[in-house]
Amino acid sequence: MRFDVSQKEQISLFFKELPTHDAKFSKIEYLPSKKELCIWLMSLNNSYLLKLVFYQTRFLISTGFDLWGTNDTILALVLEDNFEILSSLAKQISSHNINMYDSLYFVFQSFSGNEIHIICEAVEVNLISQR
9 MRFDVSQKEQ
19 ISLFFKELPT
29 HDAKFSKIEY
39 LPSKKELCIW
49 LMSLNNSYLL
59 KLVFYQTRFL
69 ISTGFDLWGT
79 NDTILALVLE
89 DNFEILSSLA
99 KQISSHNINM
109 YDSLYFVFQS
119 FSGNEIHIIC
129 EAVEVNLISQ
139 R
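In terms of my numbering, the sequence shown opens at residue 9 and continues consecutively.
One or more hints might be untrue.
[Stated by the list, open to error] DSSO-like cross-link-like pairs, simulated, lysine-lysine; straight-line CA separation at most 27 angstroms:
{"id": "1", "residue 1": "16", "residue 2": "43"}
{"id": "2", "residue 1": "59", "residue 2": "16"}
{"id": "3", "residue 1": "42", "residue 2": "16"}
{"id": "4", "residue 1": "32", "residue 2": "59"}
{"id": "5", "residue 1": "43", "residue 2": "59"}
{"id": "6", "residue 1": "32", "residue 2": "42"}
{"id": "7", "residue 1": "24", "residue 2": "43"}
{"id": "8", "residue 1": "59", "residue 2": "35"}
{"id": "9", "residue 1": "16", "residue 2": "35"}
If you are wondering where the hints come from, they were derived from the structure by calculation, not from laboratory data. Keep in mind the model is a prediction, meaning the values are calculated, not measured.
Put together the whole structure using the sequences plus the hints.
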């Protein structure tokens, strides 16, 4: 299923139902020529593989604090509607002429306290059963 910026409400509802809690990062791939970021997540019991493709990735940043535990287990994946979280990076974002109101802003949060912030134009989600 593919979503764009015009479907923010549907994305939020859809992502709340996705089984991302306790999933682990399986593979991350970035295709610079297409500005596509692909993230594969594996469920805790290996019953599903979730493939997320972020199209026209405009901004990507990852924190690396390692405060509590490992980086590979996901606590939450949310679509943010408040861009103030990135206020410390506002100068960098504005220098790249990113229109925040015409973008989707996702945050992966891991149990370690680390985060991956992604700003893109669209996202595609594919849930693949392993059973």
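Going down the list of hints, with the structure as the test:
In summary, the hint linking residue 16 to residue 43 is supported, as the alpha carbons are separated by about 21 angstroms, within the 27 angstroms threshold. Proposed proximity of residue 59 and residue 16 is supported: the alpha carbons are some 19 angstroms apart, at most 27 angstroms. Between residue 42 and residue 16 the CA atoms are separated by roughly 23 angstroms; this keeps the pair inside 27 angstroms, and the hint holds. With a C-alpha separation of about 12 angstroms, the suggested pairing of residue 32 with residue 59 holds against the 27 angstroms cut-off.
For the proposed pair residue 43 and residue 59, the alpha carbon gap of about 16 angstroms is at most 27 angstroms, so the pair holds. Using a Cα cut-off of 27 angstroms, the hinted pair residue 32 and residue 42 holds, with the two alpha carbons roughly 25 angstroms apart. With a CA separation close to 26 angstroms, the supplied pair residue 24 and residue 43 stays within the 27 angstroms bound. A distance of roughly 9 angstroms separates the Cα atoms of residue 59 and residue 35; the hinted pair therefore holds under the 27 angstroms criterion.
For the given pair, residue 16 sits about 26 angstroms from residue 35 by alpha-carbon distance, which is consistent with the 27 angstroms threshold.
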